[in-house]
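Let chain V serve as the given structure and place chains S, L and P on it in line with the hints.
Chains as they are written, first to last, in our numbering: chain V, 1 to 312; chain S, 1 to 481; chain L, 1 to 494; chain P, 1 to 99.
It should be emphasised that the hints constitute simulated quantities derived from the structure, not laboratory data. Take these hints with a grain of salt, some might be off.
[What the hints assert, rightly or not] Just some of the chain P residues that point at chain S, by a computed CB distance under 8 Å: (1) Arg31; (2) Ile71; (3) Gly79.
[Said to hold, decoys possible] From the derived model, a few chain S residues whose C-beta atoms are all more than 12 Å from chain L: (4) Arg25; (5) Arg26; (6) Ala29; (7) Trp30; (8) Phe48; (9) Gly55; (10) Pro104; (11) Leu191; (12) Gly200; (13) Gly260; (14) Leu269; (15) Gln272; (16) Gly360; (17) Val367; (18) Gly441.
In this text the structure is predicted, and so the values were computed from the model without any measurement. Where is the CB? At the ideal position from N, CA and C, for every residue including glycine.
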Amino acid sequence: MILFDGVLALLIVVLAWRCVTAGDLYLGIVVFIVMGLMLALSWARLDAPDLALAEAAIGAGLLGVLLLSTWRALPGHRRQDRDHPPARKAVRWLAGVASVAFGLVMAALLHALQPDEDAAGALALGRLTEAGVEQPVTAVLLNFRSYDTLLEMGVLLMALIGALLARTPLAPYGAATDDGTDSPLIPVLATTFTPLLLLVGAFLVWAGAYGPGGAFQGGAVLGGAGVVLVLCNRLQGAPEAGILLRLLLVLGVKVFILAGLLMLPLEGAFMAYPPGLTYPIMIAIEFCLATSIAVSLLLLFTGTHGVRVPER
Amino acid sequence: MTEWVPVLVVFVPFLAGVVQFMAGRRVIAWWPVLASVATVAVSLWLTFAVAAGGGIEHFMGGWQPPLGIALRADGLATVMILLTAVVGGLVSVYALEAHGTGDPRASHFWALWLMLWGSLNALFLSADLFNIYVTLELVTLAAIPLVLLAGPEKTVTAALRYLQFALFGSLLYLAGVALTYGLAGSLDLALVGPALTDGGITGAVAATCMVVGLLVKAAVFPFHVWLPAAHGGAPAAVSAILSALVVKAAVYLLLRLWTGPLAGLADGLVAQLMGALGAAAILYGSIQAFRQERLKLVVAYSTVAQLGYMLLFFPMAVAQAWEGAVYHGLSHGVAKAALFLAAGNVLVYLGHDRVRDLKGLDRSLSVSLLAFGIAGVSIMGLPPSGGFIAKWLLLRASLETGQWWWAVVLISGGLLAAAYIFRVLRYAFLQAPDRPPATTGPIPPPIMALPATLLALLAIALGFTAAPLLALLGGLPEGTG
Amino acid sequence: MTGIYEAMPLWVLMTSLVTALIIFTAGEPWHRLRPVINLVGASVKLALVGVMLWGVQLGHAFMVRIPLLPGLDIVLHADALTMLFVTLSAILWLATTIYAIAYLEHAPNRARFFGFFSLCVAATMGIASAGNLLTFFIFYEMLTLATWPLVVHRGVPKSMNAGRIYLQYTLGGGAVFLLGIALLYTLAGPSDFIAGGELLHLADEHAGALTLIFLLLVAGTGVKAALVPLHGWLPVAMAAPAPVSALLHAVAVVKAGAFGIVRIVYDVFGIELMALLDLGTPLAVIASVTIIYGSLLAIRQTDLKRRLAYSTVSQVSYITLGVALGSPLASIGGLVHLVHQGLTKITLFFCAGAYAETHGIHRIDELDGIGRRMPWTTAMLTLGALGMIGVPPLAGFVSKWYLGLGAVAAEQYWIIAVLLASTVLNAIYFLPLLHRAWFRPPRQGEADPGEAHPGLLGPTLFTGLAAVGTGLFAGFGWSPLAWVEVIVTREYTP
Amino acid sequence: MTLPDPFALAAAALLALGFYGFVVQRHPLRRLLAINVFGNGVFMTLILVARWMPGGPDPIPHAMVLTGIVIAVSATAMGLALVRRDLRQGDGKDGGDRD
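Chain V extracted, bound-state conformation (with noise of 0.2 Å):
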């Protein structure tokens, strides 16, 4: 297994170099996408299924789709270096020089790393009894450092405002007449692919209890599914956004907040579950924080303040 790890490791780093100093702005974005497939491989590797789902979901595949439309929507002149043109020579191999001697100082550091067996993780494996699920990654994402979480919700809803704020949609309001929507593959994909994504997609929230999976991992796969409809036109950006829309868009941080906040005259702490309700309130919070972020996602990639059904 050890030469599979070495060249897999071998690879990231070529395809990192790649990604940084392709010539052509397009490659690099593709081998962003090849170099995060690869990531979530070796993560899977390095005993993180969780996160190599995540990286599969969310970093390579909603983002990598995010980075080739956006490259597709820029002006043809925008798409290369012409107006933005590297560094100087001098800078580029000085920064190269930096590089490499970081780099190394980080690879020795990394290498002679000893962590402590009486890390804060060993403590949460130790009371993972005590946070309702069993998997540990959702017991800390939930339980022991929900607060982490919720404030992450916040910079998603944030990051949208932002993104919608810059006003530039990448699913147009009218009727979009993309090339190859006309596929026979199109019907196909829409009708069957999408409804297995949200099985799926629901499958992992629930999962995220037990075994690998989660809010974050459900919820990419459910904007994906949304983002598969956007791409098939069967979904289409609208400039203003329902109020059940927005709802869903903050039903994730609201909950969240409100159930912390509710805990306080209750349990003494914020987010202090009560014992015994533990897990069905980390059940809820999750399906919402999910819903939320499958709808975040979605409009982070449309761009748009809502999505609506074109008309036929």
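Structure of chains S, L and P alone, referenced to chain V:
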């Protein structure tokens, strides 16, 4: 009840922002008022609680560190939250007019600003290295859309550059956090110190990554390149928030880490280097501010310079330097917000903010201009003002530690600040003999002029309130220096 | 009640501050009420100063202490030296206010002008009653800031330029001064102004540092006192309106500098330490150079106000010279000159302003025959000029006499030569003025008579006669001279 | 002398390459790519730290990575929206200084 206050200080504004986003424009008049008042109220509650009973700690989820995340309201966090409440409250008053019912994107402004307010408080209270990363990103990702509110066509380049630097800075910080966790097996600020100190080169590299990452976020020279365009281009209320609070959050973290987990690592030479960066920022920022043609860019470059003063704490690292640096943060926050709001009023009235064309402004905009001048007194570090108290403390610290070269920097910085402030006033005082200035806008109503004036007067008042505030801050954390 | 009474210096300061705030808040439209506010403020202040003068005479202690930081207090107090400066400023403020109301009757931006004008006076009061170096510095910088809008008041490029130069000098001086204070605090800790100072015990160990601190402090105050080579701002600042030149540049600002030097020499370092470190003589030399140099440059000026400005450069240094010599008699001469020069020079500036306002006369060669057209004003000009030269029994003579006696007592005979030379130079640049005014015929077509507006003439008459009075009645118990003798006795009695 | 973990080397290389790309590249899209490469280096580091903890993979760094990925993707998505806006606009307009 008291132990709940830190949670409320974070989530009252944060939740209010979320609700604002959901409810949209319908609630624009009253919801922001309610939310701002409530936030100021809980912030004051926290201040009085800490002043009366000392620091407050809250374990999120009831899990103690190292397993869980703690919120710690100590003196430093509390004065920053107080600053945020004061500046935020008055900027909110200004924004009620500037981003009121007349602004089509008012709902976005208030949602972002209220969430940013909560995020800032969360950042100040956080006692966990990774949670700090999350709050840093929250603050950044709220700040950048706010910059866009000036109209994406005008500010998108600045916002994009801001985003690039901010993202890279926080990832660099996160790299340091990763190494720290590898060394210490914990993320709590109070627990990671010994492992970092004993961590040899790994500890040093971890510390370097975190510090450099924060320097990028704090726009410290030479990482300042993203700041002027972003702060200069944003709407006035946003500029005030960004310059007074947002960049300061990163400097705050530098102070917090340096006097906390990194205290055992602080090396004399590195500390001198930090001081040198601060000195370079002071000189470079001031000279650039003097050379700018647009009023808001003058003020923005002034921020680059003023942040440098806080960095002078590191080489001196004595109690007076600590007090001086923090007090500088407070008085700069108040004064800079006043400057930006005043500049915003000029922009509203004239439709431009070209420094050379401010002729005759003193008659029509006398209140805003007076606010600009009064706040300028504090920026120059002249008495009586908060800026003077801070400068005095830093000056004393530099002479007491025998590092007289910082005294020279402090003195020259004050003179350079006088140069760029008076340059603006000079053009504004020039009489326009032939005709009144060609205006495009109305004279800003009192609700826009008063917050600037009040903030400016507060900057002066800070010259007299140092004793209670420094008592609240508490002395230099143990083990530093 | 005693607390309120003891805090008298604060109330005196507040009268001007509150006046300023009211004027700022009321704004431009209140042009009818503004003179009333101004005059009421000035009169109330004068009354309060009278009470305080009486108190100090009886030996009451006035002291207010506002802590800013541990070891950093704002201290306002009133000793005899304070009262000398406070009384002078209060009286002259009233006179100048009346003058300024008349002078600026139809000018724009009067609210701004009078607001900052009151602020300047508040700062001057603060400087006079400052009880330690830091307080002195705070008001010293406040004075700088409040004067700038007055210097640039006209809003033309020339006055803007003057404002820039003014700030460059004064803020630079302030920065140096601050460094000096910070060094002193680091070396010796916080300390109030106290006769003889509290630094003597440091003289052996830190002689070098103390000399450096003295240098910094004197350089800082020397800027405002217009000591050569730090005098460059004063002539340029004459671009300001006449009342500003009169009160601020003849009295408040330059006197603030000179007063600072007096405080530093007497109440921070002390005569004994000055002698020990041998700082007096260099200071006396600088003062002498300034006296001669200022006079020489005054001769070359063709503009009336600029000639007066250079004369100020020269005359203010008498004060520095007096305290630098370190003998009681010279100190009396120097300190009393604070009052004498103030009264005399403000009269001269009032006259210059009246000429400019009434007949548009700015240059000296335009003064031909003005004595016939404006006899009263010109009479006051004559009194002032003769006073400056030091013709007995006018005020200037008293100062010079005591300075001379002091020089003899200190066995510094070269000072006598300086005084004589200065007197001759004064005569050279003032007498031709008087000759033109009285004995040359008016120019063609400019013979129309026209005395100055009563609002301008009144204050001029008042200060002119006061200048004469202080000289004539110098021997009486309530004269500035008697007061100064009290101060100096206290300073020199351990 | 143990053989270095190949993934540790990869993590260091990702950090170095990300840094290099950020400094050298000027095209905003490329810069975002470089930032993400750097971020992946950080995530890889965290995963390695988790893996090396005696007693099984440490869930806390895993949670940190998951949070980090979502933050990185959100920020990048917003960045891409800005890039689209920025590059559609006229040439060479910039309110601030160019270094």
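Comparing the hints with the structure gives:
1. Arg31: 5 Å, holds
2. Ile71: 5 Å, holds
3. Gly79: 5 Å, holds
4. Arg25: Fine: 37 Å to the nearest Cβ keeps Arg25(S) off the interface.
5. Arg26: 39 Å, holds
6. Ala29: 30 Å, holds
7. Trp30: Non-interface label on Trp30(S) holds, nearest chain L Cβ at 31 Å vs cutoff 12 Å.
8. Phe48: At about 22 Å from chain L, Phe48(S) clears the 12 Å cut-off, so the statement holds.
9. Gly55: Non-interface label stands for Gly55(S): nearest chain L Cβ at 22 Å, farther than 12 Å.
10. Pro104: Nearest chain L Cβ is 35 Å from Pro104(S), so the label holds.
11. Leu191: 33 Å, holds
12. Gly200: At about 38 Å from chain L, Gly200(S) clears the 12 Å cut-off, so the statement holds.
13. Gly260: 25 Å, holds
14. Leu269: Label holds. Min Cβ-Cβ 25 Å, cutoff 12 Å.
15. Gln272: 20 Å, holds
16. Gly360: The claim is violated: Gly360(S) sits with its nearest Cβ about 8 Å from chain L, within 12 Å.
17. Val367: Per Cβ check, Val367(S) is inside 12 Å of chain L; nearest 9 Å; violated.
18. Gly441: Holds, since 21 Å exceeds 12 Å.
Going down the numbered hints, you'll see the structure goes against 16 and 17, while the others check out.
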